[in-house]
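Sequences listed follow chains H and V, in order.
First residue of the first sequence? That's 0 in numbering that gives the first Met the number 0, and the numbers climb one at a time after it.
First residue of the second sequence? That's 0 in numbering that gives the first Met the number 0, and the numbers climb one at a time after it.
Possibly wrong hints are sitting among the right ones.
Claimed, not checked - DSS-like mimics (lysine-lysine), calculated; alpha carbons at most 30 Å apart, straight line: (1) H:K129 x V:K169; (2) V:K169 x H:K121; (3) H:K117 x H:K130; (4) H:K130 x V:K169; (5) V:K126 x H:K89.
Derived from the structure by calculation, the hints contain no laboratory data.
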Amino acid sequence: MAAAIKTRSIEAFGGGERGQAGAAPERTEIAIRGVGHTYRPARGRPVKALETISLEVKEREFVALLGPSGCGKSTLLYLIGGFLPVEEGKILIDGQPVAGPGPDRGIVFQHFALFPWKTVLKNVVYGLEKKGVAREERVRRAREFIDLVGLSGFEDSYPSQLSGGMKQRAAIARTLAIDPAILLMDEPFGSLDAQTRSLMQSELLRIWQRSRKTVVFVTHDVQEAVYLAERIVVMSARPGRVKEILSVGLDRNDPGLLRSRPFAEMVDHVWSLVRSEAIRAERGGGT
Amino acid sequence: MARISEGLSFERPHPAASLLEALCLIGRAFRGSLSILAVLLFWEAFARSGWVSSFLLPSFSSVVERMAGDTLSGALFANLGPTLYRTFLGFLVAGCAGVGLGILMARNAVVRWFFDPVVSVAFPMPKIAFLPIFMLWFGLYDFSKISMVVFNAIFPVITAAMAATEGVEKELLWSAESLGASRRRLLWEIVLPAALPQIMTGLQVALPVAMIVTVVTEMLMGGPGLGGAMIAASRFADSPGVFADILEIAIAGFLLVKGMALLRRRLLAWHQEAKEPTTV
Chain H
0 MAAAIKTRSI
10 EAFGGGERGQ
20 AGAAPERTEI
30 AIRGVGHTYR
40 PARGRPVKAL
50 ETISLEVKER
60 EFVALLGPSG
70 CGKSTLLYLI
80 GGFLPVEEGK
90 ILIDGQPVAG
100 PGPDRGIVFQ
110 HFALFPWKTV
120 LKNVVYGLEK
130 KGVAREERVR
140 RAREFIDLVG
150 LSGFEDSYPS
160 QLSGGMKQRA
170 AIARTLAIDP
180 AILLMDEPFG
190 SLDAQTRSLM
200 QSELLRIWQR
210 SRKTVVFVTH
220 DVQEAVYLAE
230 RIVVMSARPG
240 RVKEILSVGL
250 DRNDPGLLRS
260 RPFAEMVDHV
270 WSLVRSEAIR
280 AERGGGT
Chain V
0 MARISEGLSF
10 ERPHPAASLL
20 EALCLIGRAF
30 RGSLSILAVL
40 LFWEAFARSG
50 WVSSFLLPSF
60 SSVVERMAGD
70 TLSGALFANL
80 GPTLYRTFLG
90 FLVAGCAGVG
100 LGILMARNAV
110 VRWFFDPVVS
120 VAFPMPKIAF
130 LPIFMLWFGL
140 YDFSKISMVV
150 FNAIFPVITA
160 AMAATEGVEK
170 ELLWSAESLG
180 ASRRRLLWEI
190 VLPAALPQIM
200 TGLQVALPVA
210 MIVTVVTEML
220 MGGPGLGGAM
230 IAASRFADSP
240 GVFADILEIA
250 IAGFLLVKGM
260 ALLRRRLLAW
270 HQEAKEPTTV
């Protein structure tokens, strides 16, 4: 349904200036230095979610944060997004410390977080409106991105009328439309069925290869991480630390990739790293 | 959709069949009100049977006759006007103040600390008991009646608005902020629409409360209004008048609640529930 990629949408991403991968020397887009985070629930003891995380993400890189449930990978993403205050350590975006959420970092949530009272078109238009794009131009651009994610014809549907996969497409269109330099994705395909998930994964790759944004992708699915990411950050069970950082280096345009030996070996290797952490998390988590 | 209507125009049913179909359709439409029709018929038959005097139970037809007379003479509107005015004004004030206070309580710890216990105590209390005090302080006219309506109708709105605001998913707020919404705009652009379904539920509870309290205050304080007219009729031992006023109150209340349900469907067309049939 979304196979036809409209070439005209490419320029809408700012493909002209930022689209050429590797043209400029690779710049550090996100620098995370010794970041920790402690949740303080209203009742009960504070929980240490993250401990001394240090990580650098290059411009236009696709990085996956992989780890068992509750290892703080989403927390790290929220810290980068500016939704939670950075209390320990530093997070720099383009050299500037994070101070609250902003349209330079778009986010896609597991449960879509579409505005249910707005149609798909109005959802996508919302961010463009905030950016001060002129009325006709924002509708035109919104339609382009809806087309890009394969939702043409559903512009006037409300989120409650869409399937899970379609909702996530709409959410992705909404985030891409404001052209953020960084795309933060919090288990975006986690609540989709297996078939929709694998479709959406290749769609995301397609979109990313065209738009070339810096992507930080949180997942607990090893296959997904190996398939999508250039680098995988394996995190330990709570409190989350960086256990290992792996470069994937597989050719993701190879249609037989998922069945190839290097892919299977990589998945095996990553899984062996995650497995012990998952067991630790399962048994009551770390400390 | 277009295909379905084309299909309909193709097969024209036989005239007799279509008449039967129309009768069935009317039957189905009125199926919900058949029980009311039965009660009215029973009332009429019982009143005419001669087992009770027409003073104890005037026949339904005589009550309808009185209602028609009230309508033609303008007495109905002279009483309905003040009742609706008090109901609506009280409801409006309770609605606005209740939504405002509820949202504030959900978002501000100090406001919540102060009002939460007060609301918890006052919500289940029969606030109509304050009527003598309101009469003493505010007199017998519109101001004391409408204050009483506000006082009674505001609590379901406050609790609904507070719960609704607390229930707004943080992901919605985060999404809006990351799309470039300022914190100030969040309240209007995200919190209020996201909380609207539950706020509407609170308002739907508050509207009949407003109507009931209006009628009760009118009954106890007198003056123009359906409640006052009903008590006046009873003082003159005018039982068709009493029954006519009761029916008028019932119809007005039913129409108000129905109108509110329609408004909800309109405002929440985007909501899941809009696809389901309403019962109210």
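Name the hints, by number, that the structure is in violation of.
Hint check: 5 fails alone, others pass.
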